[in-house]
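Protein chains: 2
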Amino acid sequence: MRLLEEKIRSEGHVLPGNILKVDGFLNQQIDIDLLDAMGREFAALFQGTRVTKILTVEASGIALACITARHLGNVPVIFGKKHKTLNRDESVYSTPIFSFTHHTSYDVTVAKRLLLPGDRVLIIDDFLADGKAVRGMMDLIAQAGARLTGVGIAIEKGFQGGGDKLRAEGVPVHSLAIIDEMNGEEIRFRPQP
Amino acid sequence: MRLLEEKIRSEGHVLPGNILKVDGFLNQQIDIDLLDAMGREFAALFQGTRVTKILTVEASGIALACITARHLGNVPVIFGKKHKTLNRDESVYSTPIFSFTHHTSYDVTVAKRLLLPGDRVLIIDDFLADGKAVRGMMDLIAQAGARLTGVGIAIEKGFQGGGDKLRAEGVPVHSLAIIDEMNGEEIRFRPQP
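Protein chains in written order, with the numbering used here: chain A, 131 to 323; chain B, 131 to 323.
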């Protein structure tokens, strides 16, 4: 998506440790024009897959998930909650997710009554690096006996390989911008149709 | 706002300790039709106040803030980040906020370059109880030398008094639903114009 790539080039910052800082338009301040354009793009990519719910993880995936839902017939959005300690509550599905950014593991939970066997679930998130968050959400969907219809990501760090591994397994992952190389302030995007 | 009050009556649950559980439509699963109606209502309430930015705190205020921004000329949204430990980063404004729900104190931060002296800031949040989160955000706005234009809240627990104290100090607080009494499953809303 040209608009997002240009925004990353002009306002993103590459920090040591392969961190891409996009807090000026996505991660702390949210550019609503861009957000709306991304939501419209996801809706176009996943329309026809009969999505009944969108799943994301707090906090920065929430905005994108809600705007996408607006463009996808106002389907409900569910966000997984992060807990630092293992959650043994019988009323929730739970999965451990390791955060690349924070170098720590969270337990992510969703109330069982919100994710149902008949649900067709679209996963939306702002970042995909090694794919651990997406796999965690896929685990929650599987626990519920629901069905994954697709994965929509704003920014994929292609060089970390998580997205391509998922695609190789047949998971329909669509990322609006895929970064194949980050070198100082130099960013190379993967050409996409 | 009639629609929100009806939703709280039909789908909310009052738990011991004056906790109102609304995770079926606001706090974990988000009803996008309702969210959009709330955003439109906030935009109507605060149009004419020349808002340049909307401020909220992660995680559950983000959806409401972004949808409100969509109806208010696509102004940027900023969300404060919660930290369990005191943040001594020179590049951020920081304020301690005590969470009524989690019985713990967070340090909430916003990058200094995102909140500017000329900004006219609308605070949006899902809940207002004793008003600590709103006062924390007001503190961040004051640290930046920016100006508060108003406070928009989805659900105010009127019986905890935080909203009325702010109003008595001249802060323009608008809540879409004000609960003056919760007694078991019985909920009494404050009549509003």
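Heads up, some of the hints might be wrong.
[What the hints assert, rightly or not] The calculated DSBU-like cross-link candidates involving lysine-lysine, where the alpha carbons are at most 30 Å apart (straight line), are:
#1 B:295 / A:151
#2 A:137 / B:242
#3 B:137 / A:242
#4 A:242 / B:295
#5 B:242 / A:242
#6 A:151 / B:151
#7 B:214 / B:295
#8 B:214 / A:151
#9 A:214 / B:295
#10 A:151 / A:295
#11 A:242 / A:295
[Stated by the list, open to error] Some, not all, of what chain A presents toward chain B, calculated at C-beta under 8 Å:
#12 146
#13 158
#14 160
#15 162
#16 204
#17 246
#18 301
#19 304
Derived from the structure by calculation, the hints contain no laboratory data.
Virtual Cβ for every residue (Gly too), placed ideally from N, Cα, C.
How the hints compare with the structure:
1. Among the hinted pairs, residue 295 of chain B with residue 151 of chain A is inconsistent with the structure: their alpha-carbon atoms are about 39 Å apart, more than 30 Å.
2. Note on residue 137 of chain A and residue 242 of chain B: the hinted pairing holds, with a Cα-Cα distance of about 20 Å set against a maximum of 30 Å.
3. Distance check on the hinted pair: residue 137 of chain B and residue 242 of chain A sit about 20 Å apart at the alpha-carbon level, within 30 Å; holds.
4. This hinted pair does not check out: residue 242 of chain A and residue 295 of chain B have alpha carbons roughly 38 Å apart, beyond 30 Å.
5. Proposed proximity of residue 242 of chain B and residue 242 of chain A is contradicted: the alpha carbons are some 40 Å apart, above 30 Å.
6. Distance restraint check for residue 151 of chain A and residue 151 of chain B: the Cα-Cα separation of roughly 35 Å exceeds the 30 Å cut-off, and the hinted pair is therefore not satisfied.
7. A C-alpha spacing of about 27 Å is found between residue 214 of chain B and residue 295 of chain B, which places the hinted pair at or below 30 Å, so the restraint holds.
8. A hinted pair counts as satisfied when its Cα atoms are at most 30 Å apart, and residue 214 of chain B with residue 151 of chain A qualifies at roughly 21 Å.
9. Distance restraint check for residue 214 of chain A and residue 295 of chain B: the Cα-Cα separation of roughly 34 Å exceeds the 30 Å cut-off, and the hinted pair is therefore not satisfied.
10. Proximity of residue 151 of chain A to residue 295 of chain A is assessed by CA-CA distance (about 24 Å); at most 30 Å being required, the pair is judged to hold.
11. As the CA atoms of residue 242 of chain A and residue 295 of chain A are separated by approximately 29 Å, the hinted pair is consistent with the 30 Å bound.
12. A hinted interface residue such as residue 146 of chain A counts as satisfied when its beta carbon comes closer than 8 Å to some beta carbon of chain B; here the least separation is about 16 Å, so the hint is violated.
13. Because the closest C-beta pair between residue 158 of chain A and chain B is about 6 Å apart, less than 8 Å, the hint holds.
14. Annotation: interface hint on residue 160 of chain A holds; nearest CB of chain B at approximately 4 Å, less than 8 Å.
15. Against a cut-off of 8 Å between C-beta atoms, the interface hint on residue 162 of chain A holds, since the closest Cβ of chain B lies about 4 Å away.
16. Taking 8 Å as the C-beta cut-off, the interface hint given for residue 204 of chain A holds, the closest approach to chain B being about 4 Å.
17. A hinted interface residue such as residue 246 of chain A counts as satisfied when its beta carbon comes closer than 8 Å to some beta carbon of chain B; here the least separation is about 11 Å, so the hint is violated.
18. This hint is violated: residue 301 of chain A has a C-beta 24 Å from the nearest C-beta of chain B, more than the 8 Å allowed.
19. A hinted interface residue such as residue 304 of chain A counts as satisfied when its beta carbon comes closer than 8 Å to some beta carbon of chain B; here the least separation is about 21 Å, so the hint is violated.
Checked against the numbered hints given earlier, the structure breaks hints 1, 4, 5, 6, 9, 12, 17, 18 and 19 and satisfies all the rest.
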